[in-house]
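A.B. asks: Residue numbers (the numbering used here), protein chains in the order written: chain A, 1 to 311; chain B, 1 to 311; chain C, 1 to 311.
Calculated from the structure, these hints are not laboratory results.
In silico EDC-like cross-links for lysine to aspartate or glutamate, where the CA-CA straight-line distance does not exceed 20 Å:
| id | chain 1 | residue 1 | chain 2 | residue 2 |
| --- | --- | --- | --- | --- |
| 1 | B | 309 | A | 290 |
| 2 | A | 293 | C | 290 |
| 3 | A | 309 | C | 290 |
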Amino acid sequence: MKFNRPHTLAEIAALIGAGTEGDPDFPVLGMNEIHVVEPGDIVFVDHPKYYDKALGSRATVILINKKVSCPPGKALLLSDDPFRDFNRLTEHFRPFRPAPSQIDPSAVIGEGTVIQPNVFVGREVTIGKHCVIQPNVIIHDHCVLGDHVVVQSGTVVGSDAFYYKKRPEGYDRLRSGGRVILEDYVELGALCTIDRGVSGDTTIGRGSKLDNQVHVGHDTVIGQKCLIASQTGIAGCVVIEDEVTLWGQVGVTSAIRIGKGAVVLAQTGVSKSLEGGRTYFGSPAEEARERLKQLAALRQLSSMATRNKKL
Amino acid sequence: MKFNRPHTLAEIAALIGAGTEGDPDFPVLGMNEIHVVEPGDIVFVDHPKYYDKALGSRATVILINKKVSCPPGKALLLSDDPFRDFNRLTEHFRPFRPAPSQIDPSAVIGEGTVIQPNVFVGREVTIGKHCVIQPNVIIHDHCVLGDHVVVQSGTVVGSDAFYYKKRPEGYDRLRSGGRVILEDYVELGALCTIDRGVSGDTTIGRGSKLDNQVHVGHDTVIGQKCLIASQTGIAGCVVIEDEVTLWGQVGVTSAIRIGKGAVVLAQTGVSKSLEGGRTYFGSPAEEARERLKQLAALRQLSSMATRNKKL
Amino acid sequence: MKFNRPHTLAEIAALIGAGTEGDPDFPVLGMNEIHVVEPGDIVFVDHPKYYDKALGSRATVILINKKVSCPPGKALLLSDDPFRDFNRLTEHFRPFRPAPSQIDPSAVIGEGTVIQPNVFVGREVTIGKHCVIQPNVIIHDHCVLGDHVVVQSGTVVGSDAFYYKKRPEGYDRLRSGGRVILEDYVELGALCTIDRGVSGDTTIGRGSKLDNQVHVGHDTVIGQKCLIASQTGIAGCVVIEDEVTLWGQVGVTSAIRIGKGAVVLAQTGVSKSLEGGRTYFGSPAEEARERLKQLAALRQLSSMATRNKKL
Numbered sequence: 001m002k003f004n005r006p007h008t009l010a011e012i013a014a015l016i017g018a019g020t021e022g023d024p025d026f027p028v029l030g031m032n033e034i035h036v037v038e039p040g041d042i043v044f045v046d047h048p049k050y051y052d053k054a055l056g057s058r059a060t061v062i063l064i065n066k067k068v069s070c071p072p073g074k075a076l077l078l079s080d081d082p083f084r085d086f087n088r089l090t091e092h093f094r095p096f097r098p099a100p101s102q103i104d105p106s107a108v109i110g111e112g113t114v115i116q117p118n119v120f121v122g123r124e125v126t127i128g129k130h131c132v133i134q135p136n137v138i139i140h141d142h143c144v145l146g147d148h149v150v151v152q153s154g155t156v157v158g159s160d161a162f163y164y165k166k167r168p169e170g171y172d173r174l175r176s177g178g179r180v181i182l183e184d185y186v187e188l189g190a191l192c193t194i195d196r197g198v199s200g201d202t203t204i205g206r207g208s209k210l211d212n213q214v215h216v217g218h219d220t221v222i223g224q225k226c227l228i229a230s231q232t233g234i235a236g237c238v239v240i241e242d243e244v245t246l247w248g249q250v251g252v253t254s255a256i257r258i259g260k261g262a263v264v265l266a267q268t269g270v271s272k273s274l275e276g277g278r279t280y281f282g283s284p285a286e287e288a289r290e291r292l293k294q295l296a297a298l299r300q301l302s303s304m305a306t307r308n309k310k311l
Numbered sequence: 001m002k003f004n005r006p007h008t009l010a011e012i013a014a015l016i017g018a019g020t021e022g023d024p025d026f027p028v029l030g031m032n033e034i035h036v037v038e039p040g041d042i043v044f045v046d047h048p049k050y051y052d053k054a055l056g057s058r059a060t061v062i063l064i065n066k067k068v069s070c071p072p073g074k075a076l077l078l079s080d081d082p083f084r085d086f087n088r089l090t091e092h093f094r095p096f097r098p099a100p101s102q103i104d105p106s107a108v109i110g111e112g113t114v115i116q117p118n119v120f121v122g123r124e125v126t127i128g129k130h131c132v133i134q135p136n137v138i139i140h141d142h143c144v145l146g147d148h149v150v151v152q153s154g155t156v157v158g159s160d161a162f163y164y165k166k167r168p169e170g171y172d173r174l175r176s177g178g179r180v181i182l183e184d185y186v187e188l189g190a191l192c193t194i195d196r197g198v199s200g201d202t203t204i205g206r207g208s209k210l211d212n213q214v215h216v217g218h219d220t221v222i223g224q225k226c227l228i229a230s231q232t233g234i235a236g237c238v239v240i241e242d243e244v245t246l247w248g249q250v251g252v253t254s255a256i257r258i259g260k261g262a263v264v265l266a267q268t269g270v271s272k273s274l275e276g277g278r279t280y281f282g283s284p285a286e287e288a289r290e291r292l293k294q295l296a297a298l299r300q301l302s303s304m305a306t307r308n309k310k311l
Numbered sequence: 001m002k003f004n005r006p007h008t009l010a011e012i013a014a015l016i017g018a019g020t021e022g023d024p025d026f027p028v029l030g031m032n033e034i035h036v037v038e039p040g041d042i043v044f045v046d047h048p049k050y051y052d053k054a055l056g057s058r059a060t061v062i063l064i065n066k067k068v069s070c071p072p073g074k075a076l077l078l079s080d081d082p083f084r085d086f087n088r089l090t091e092h093f094r095p096f097r098p099a100p101s102q103i104d105p106s107a108v109i110g111e112g113t114v115i116q117p118n119v120f121v122g123r124e125v126t127i128g129k130h131c132v133i134q135p136n137v138i139i140h141d142h143c144v145l146g147d148h149v150v151v152q153s154g155t156v157v158g159s160d161a162f163y164y165k166k167r168p169e170g171y172d173r174l175r176s177g178g179r180v181i182l183e184d185y186v187e188l189g190a191l192c193t194i195d196r197g198v199s200g201d202t203t204i205g206r207g208s209k210l211d212n213q214v215h216v217g218h219d220t221v222i223g224q225k226c227l228i229a230s231q232t233g234i235a236g237c238v239v240i241e242d243e244v245t246l247w248g249q250v251g252v253t254s255a256i257r258i259g260k261g262a263v264v265l266a267q268t269g270v271s272k273s274l275e276g277g278r279t280y281f282g283s284p285a286e287e288a289r290e291r292l293k294q295l296a297a298l299r300q301l302s303s304m305a306t307r308n309k310k311l
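Using the sequences and the hints given, assemble the complete structure.
C.D. replies: Listed below in C-alpha cells is the structure:
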C-alpha cells in the first residue's frame, strides 16, 4: 500500500504513538509485506527470530519491538506491539467503510465490460475494458482488474487475509488494507477466493487462468501464463513464477517460491520452494519420478511381505 | 432441537402413528443427535448394530424399529421406519417454508451490525451486536450468531445435512431442522459452508477462526479458539475440542473427536479420533514424526532399489 | 449440442472457411465431445496423436488440420486451426449474449418449484416441477433441470469449461456452448460448480446426490444413484457409472471411467479408469486393501529402521 502522499517519520510515529530512531523528516511512502517490500516502505517485526530479516530487507522503516541499532539509511519505529500498530496504520490509511450499494459509485468500469446481475463492486475498484463479470461476483474495495479479464460466477476478489496473532485472550486479526491486481487476460473460474494483501498486493499475472474453487492467499504473486486447476489452494506470501502449472487439489504452503515452468501434479502438497522446469508429485512434494520410484518400491515391499506371510 | 413446549409421549406417538412403551404422560422436550443428546430428547435408531448405543445414551426416548425391553426411566417409540418418522417430527416442528424476501422480517439483528448488499437472512435468525456480514452471505432459518462475528463474502450458514438412507427406490434424505450457532468473535472466511444440525446444533465456539472454502458438516461441535485453514472439510457429528489447529485441505471423517490443542498438518486425512496435544500428518493421519520417519525409510528403500538395479 | 436444424457440410464449411472432403450435401446435425459423440455430429482434432481416435469415433464429420483419407460414410472439414474453427461454430450456434435480468423471461419454470431470493436464471433454461432452488444459485443459459431437483445455496450450474490451447501468445480458451442436465431427484449441495459441456452436455443422473463444494468438469457424465461427498473434484470428460460412491476430497482426472458400484475412499486421487464393484484408496488410487497392506509394510519397515539405529 502506498500512502496518499509521502509522510514524515515523525507524522507516522505520532499516528501510532511510537518512538523513533533516525531523521524525523525521513520520508515514508507506504507499507508492505517483507517478500515484496520496496524502498520507502514500512515493514513490521515482533519476533527476535525475524529481526535480522526485517532489518536487512529492502524496507526503509522497520516497526519493531526492540531498540536495536538502526542500519544506515533506514529508520526505526519503536513500539511495544508492532502488530497492533501496523493494524492502526492500515485503519488510518484504509479505514473500513462498508459499501452500502451493490456497485459503488466510485468504481471505474471500462468500455465494453459486461457486469451481470447481483454483482457487488466495492469502493474505488477499477475494472478495465472488455471484461466479463458473471453473476454474484464480489470485487472488494481498491481491487484493480486489467482488460479482457473474465471472472466467473460467485467468485470473491479481495477477501480478507487469514492472518492472526495469538494473544492470551484469543486470536487477533491482522487487518487487510491491500489490493488484488488481476492483469490483462486473467480468467478466474467460478467460486474462487482471492485474498487481498494485508498491506501489499495479491497479483495474478497477464494471461494466467484459474479453474473453479481455487483459493489464493494474501500478498501472493502469481506470474504470467500460469494454469491452476480446480480446488487448488495457495497460501499467503507465495511467489509463483511464469508459466507454472498446478493441477487439481494442489496445496501450496505460505512464503515459498515455485520456479518458472514447474509442473505440480494433482493433490501434491508443496511444503518448500521448488526449482523451475521440473515436475513434482506427492505430499510432501518431491520430483515426480522420485515419488513414483518410491511408490513402486513400496508395492514390491508389500508383495514380498505378503509372500513371506504365506510361506 | 427443543420443541416449542414439552409434549407427552402420547402426543408424539400420535403425530407419527407410533406404538409406545412407557408412561404415556412422559414429558418429551426435543430431539437430537446421539453424540450431543440430552435428557428429555428423542433419538432414532434403525439398525441392530446401534441399538445398545441408542438405548444406553443420555436420550430419554428412543424411536426404534424393534420391541426391546425399555431401560428404566426411559420410553420407547415403536415404528416400522424410524428414519421416516424422525423426518415427520422435523417437518412438524420445523416445517419448510421458504423465506420470500432477502431479509426475513422475523430476523433479529443487533445494534452496530453491518449487513452488506445481497445478503439473505432466513426466518427467526438472530444476529448479535457489532457483526459484519459481507455481501452475498446466506444465513438460513433459526441460525444464531453471537456478538462480533464476521462472515465473509458468499459464505453459507445453515446448509442442509448430507445424510441419506439407501432405499430400494433411491436415496432418502434426512431432513434438517437444526441450527448453526456461531459464538462471539467467531470469524468465517469467504465461500465456506456450515451445515446446520439435522435435529441438534452445529456449533463453532467463541473466538474460533475459519479460512476460506472450509466445509463443516451437520451437528459438528467445534470448541473455542480453534484455527481452521483454507479448503479443510469436516464431516458431520465430529467433536473438535478447544484450541485445535487444522491446516489447509485437511479432511476429517464423521463422528470422531479431536482432542484439545491437537495440530493437524496440511492435507492430512483424519480417519479416527485423535488425542490432544500432538501433531499429526498423512492420509490416514498418524503422529507427524512417525509419518516423517516412514517417508524417510521409504526414500532409503527406493534409493537402495535403484542402486541394486544399477549393479 | 444439436443445431437448430440440420446443416449441409457445405453450409458448415462456409461458416468457418474450411475445405471439405465428402458429399457437400452431407447432413450435419450437431457437434460434440469424442467420448459421447453421436452419428451426425462434428468432432475436432488437431494433434496427430489423436487422428485415429477421432476418425474411428462415432462422429460423422471430423474437423481436422491434415488432409487424410476420409473413412467411408464420413466427411472431413479441413482447417489450418480446428480449435479456432470449432470455437467459431460454438459462437455461431450459441452466441454469448449476457442475460441482463436476474431471471431471464425465456426460462421455463415448472409448477410447484420454489425459487428463493437472488437466484440468477439465464436464457432458455428449463426447470421442472417441485424443485427447490435456494438463494444465490446461478443457472446458466440452456441448462435443464428435471423434477424434484434441489440446488442448495450459491451453487453454480453451467460454469464455463477449463479447457485451453497453448498458443505462442498465451492460452486460448475453448468456448463453452453446451449444457448441464440434472435429471429428476438430483440434489446438489451448497457452493458446488458444475461446468457445462463445451459442445455436449454435462449430465448428472436420476437420484444422484452431491454434497457441498463439489466440482464437476465439462462434458462429464455421472450415472444414477451416485453419492459424492464434500470437496470432491471431478475433471472433464469423465464417465461415472451408476451407484458409484466418492467420499470427501476425492480427485478424479479427466477422460477416465469409474465402473458401476465402485467406492472411492476419502482423499483418493483417481488417475486412471477403475473397475466397478471394488473399493479404492490412495493417491494415486489403488484397491483399498492393497494400499492398506502397503501402509502396514511401510510402518514395519520404519520401525525396523528405528530399531537398527538404536542398536
